[in-house]
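There are 2 protein chains.
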Amino acid sequence: MRIMPASKFSLKREVEYGSPEQNESVRRIIEEVRRDGDAALRRFAQQFDGVRVDELRVTKEEIEAAYNEVDEEFLSAIRAAAVNIRKFHEKQMRSSWMDLQADGTILGQVIRPLRRVGLYVPGGKAAYPSSVLMNAIPAQVAGVPEIVMVTPPATAGAVGINPHILVAAAEAGVGEIYRVGGAQAVAALAYGTESIRAADKIVGPGNIYVALAKRYVFGAVDIDSIAGPSEIVVLADDSADPAYVAADLLSQAEHDEMASAILITTSEPLAEAVRAEVERQLNELPRREIAARSIRDYGAILTVSDLEEGIDAVNRLAPEHLEIIVREPFQYLSRIENAGAIFLGPYSSEPVGDYFAGPNHVLPTNGTARFSSPLNVDDFIKKSSVIYYSKEALLRDGGQIISLARHEGLDAHARAIQIRLEKEGNTRG
Amino acid sequence: MRIMPASKFSLKREVEYGSPEQNESVRRIIEEVRRDGDAALRRFAQQFDGVRVDELRVTKEEIEAAYNEVDEEFLSAIRAAAVNIRKFHEKQMRSSWMDLQADGTILGQVIRPLRRVGLYVPGGKAAYPSSVLMNAIPAQVAGVPEIVMVTPPATAGAVGINPHILVAAAEAGVGEIYRVGGAQAVAALAYGTESIRAADKIVGPGNIYVALAKRYVFGAVDIDSIAGPSEIVVLADDSADPAYVAADLLSQAEHDEMASAILITTSEPLAEAVRAEVERQLNELPRREIAARSIRDYGAILTVSDLEEGIDAVNRLAPEHLEIIVREPFQYLSRIENAGAIFLGPYSSEPVGDYFAGPNHVLPTNGTARFSSPLNVDDFIKKSSVIYYSKEALLRDGGQIISLARHEGLDAHARAIQIRLEKEGNTRG
Chain A
6 MRIMPASKFS LKREVEYGSP EQNESVRRII EEVRRDGDAA LRRFAQQFDG
56 VRVDELRVTK EEIEAAYNEV DEEFLSAIRA AAVNIRKFHE KQMRSSWMDL
106 QADGTILGQV IRPLRRVGLY VPGGKAAYPS SVLMNAIPAQ VAGVPEIVMV
156 TPPATAGAVG INPHILVAAA EAGVGEIYRV GGAQAVAALA YGTESIRAAD
206 KIVGPGNIYV ALAKRYVFGA VDIDSIAGPS EIVVLADDSA DPAYVAADLL
256 SQAEHDEMAS AILITTSEPL AEAVRAEVER QLNELPRREI AARSIRDYGA
306 ILTVSDLEEG IDAVNRLAPE HLEIIVREPF QYLSRIENAG AIFLGPYSSE
356 PVGDYFAGPN HVLPTNGTAR FSSPLNVDDF IKKSSVIYYS KEALLRDGGQ
406 IISLARHEGL DAHARAIQIR LEKEGNTRG
Chain L
6 MRIMPASKFS LKREVEYGSP EQNESVRRII EEVRRDGDAA LRRFAQQFDG
56 VRVDELRVTK EEIEAAYNEV DEEFLSAIRA AAVNIRKFHE KQMRSSWMDL
106 QADGTILGQV IRPLRRVGLY VPGGKAAYPS SVLMNAIPAQ VAGVPEIVMV
156 TPPATAGAVG INPHILVAAA EAGVGEIYRV GGAQAVAALA YGTESIRAAD
206 KIVGPGNIYV ALAKRYVFGA VDIDSIAGPS EIVVLADDSA DPAYVAADLL
256 SQAEHDEMAS AILITTSEPL AEAVRAEVER QLNELPRREI AARSIRDYGA
306 ILTVSDLEEG IDAVNRLAPE HLEIIVREPF QYLSRIENAG AIFLGPYSSE
356 PVGDYFAGPN HVLPTNGTAR FSSPLNVDDF IKKSSVIYYS KEALLRDGGQ
406 IISLARHEGL DAHARAIQIR LEKEGNTRG
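If you're matching them up, the sequences are chains A and L in order.
The first sequence begins at 6 in this note's numbering and counts up by one.
The second sequence begins at 6 in this note's numbering and counts up by one.
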């Protein structure tokens, strides 16, 4: 792992937007689903997943049967995590409000849940039950009445879906599940088919085809942000345990070869010790090839002269995950401008947040924490403004409204007010 | 204006994504600005605006001088509007929160303003001072410390910018203004030049080149939603004044040939009377050609058997603006699921909201009110999650976290917890 001054480092990773061939393939799949509906979904399941799908919807019995296939330890852990996630997201809820004015005018903001949200869940090895909770629970807390899940069927098994995924969905309150994946699943959620009604928003991770399909249908429906390569930054002083720091860096690096794990520290001895620990721990990891590439290509240990300089480097990097392992970490919190999730102190290891504590693990990646937020309840609501103007207020303000409209050359706007002032003003005079 | 049953109507308008040539032209402009900085901005000003720009930044003296060019009536109206807009948006503010748990754990959500926001303001006839207020004030209320405006210089005049725009900017607290427009201005805000530092988000309306440029730079910076063709729906019973309804429909129709103005009513006599009024009032409008095309192509009067059916039609259309001009309009408010802004009663004419009442006039268009909201303070903040796990909590929950990580095959995640349990558990025992 490279050790260098923070001032010399910048993180550059290209985000993938797909080849022209991939984009064209996605376009074609989506248009076929729009045209042929369920028949296209079955055709693509055969073609891409190698699976013959008769019944698209997963039955209640199949979901119940999944509970018999997962062990008690998993069930108890996923239930405890769901309780924490629900509790945290409930604190994000907001109410509609009304502002009553003395002249009888009422202004307000109405908050409503989206009606129908589609959740994409990848199949195979990237099937993460924790992601099901993290995507579904905020929607459920927001009050979304219809949450529907799509996930590709595997070749093996009657149900064809990982039972841990089905159990996580059931625990998160998702009962409407379809055996369909890839760009065709996104198309079904965006435009609807005979079996799957269109949704208002599509969330959840997926491969490049799923990401391109979400980008393609955006506008017809809303989508979440498309996840890029992710990061952890650990900001540490000499009080940090190098073994903990190394383990946390590696827990990010094992995700993906483009993931980035960076230590920023005021301590030269810690820098050296973490470098040694990373090498040592790396060799023990089942996913050491992925982690080693990530560390080699996008990992770094950055030295700074003081924590102020370290915080500047953090804000420049705007990491998805930030751990602050220093004495009195809270004293630096207010200076952190850009970070998706901030983990304070030696016991707040990143996996605590990935799985369990309650905050969402869907976070802004690749520097977008400068302007983006963790997935949250606001992503599943919409607002409407309410304007009830009283006659008194219109007679008082009408002249100014007309003046502004005329200055913009929008005469019909002015006339809509004028016609009322003429009629209503007269009835008074 | 066509009169037809609501069940027979659907609104279809294609959103423009630009021709391949336009997209290529935008890409080329953006890459030239990235490469050549200010020199490219000056070159494009000459080429596209026909203006030689020496000093890119508008001086304080030029802004002060603009006040001498606007009349007192305009100044007083824009100030009154700004007060109302600020007051409404202040009610959207939210605080960071912390959730303290019995075991010493602290979970929280930190709210922070974006650091730097760029506001695009079109030049020429589409220069709307009200849009400057509507885009800048929510950012200012959110606490954004740097709000920067870009607007194309006109051929005529030393300053080259409409004084009403400069005054509106100054009243909204925007002092950093540059004479640059088009895709090149978007590029400067996204990537920075010698004179213009890069922003975190770009908002504001613009022509097709500006829209395509915003789409192109999205990811490097955040953008607001790209406005499509807009709508008004008036839901009225026989108590509505046909002259008011017609005037309000026309105030939307005059914006744009693709704008849509729709009356939904339970009253056949009102339908006929509004049709006659629209024809009569249309002839008086300076912008009658635009309004007539809008009414012809995208206008309609829809008859319904009762208000329930009318509300279903409203929710299907998900209009940008909805007026409810019926007896006791508030009794229907809770059933409106999809609308950007809802105007209740006969005195809440749409221009009241466009200019003055306080709620934002930047609203979800073209049916996106199903999942989008009016521009608001949340668009200028970002959230970070905070996790401070106590040692006690980690020792208690660690086993479950490890179990979940192992079930997902993420061994390094499990080890980051395990290594702590081993060390910290030991110090206890």
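Don't read these hints as lab results, they were simulated from the structure.
Being a predicted model, the structure only gives us computed values, none of them experimental.
Take the hints with a grain of salt, since some may be wrong.
Below, a list of computed lysine-lysine pairs in the DSS-like style, where the Cα atoms sit at most 25 Å apart [said to hold, decoys possible]:
id	chain 1	residue 1	chain 2	residue 2
1	A	Lys96	L	Lys96
2	L	Lys96	L	Lys65
3	A	Lys396	A	Lys428
4	L	Lys396	A	Lys396
5	A	Lys396	L	Lys428
6	A	Lys92	L	Lys396
Against the structure, test the hints numbered earlier, and report the numbers of the ones violated in rising order. Failing hints, ascending: 2, 4 and 5.
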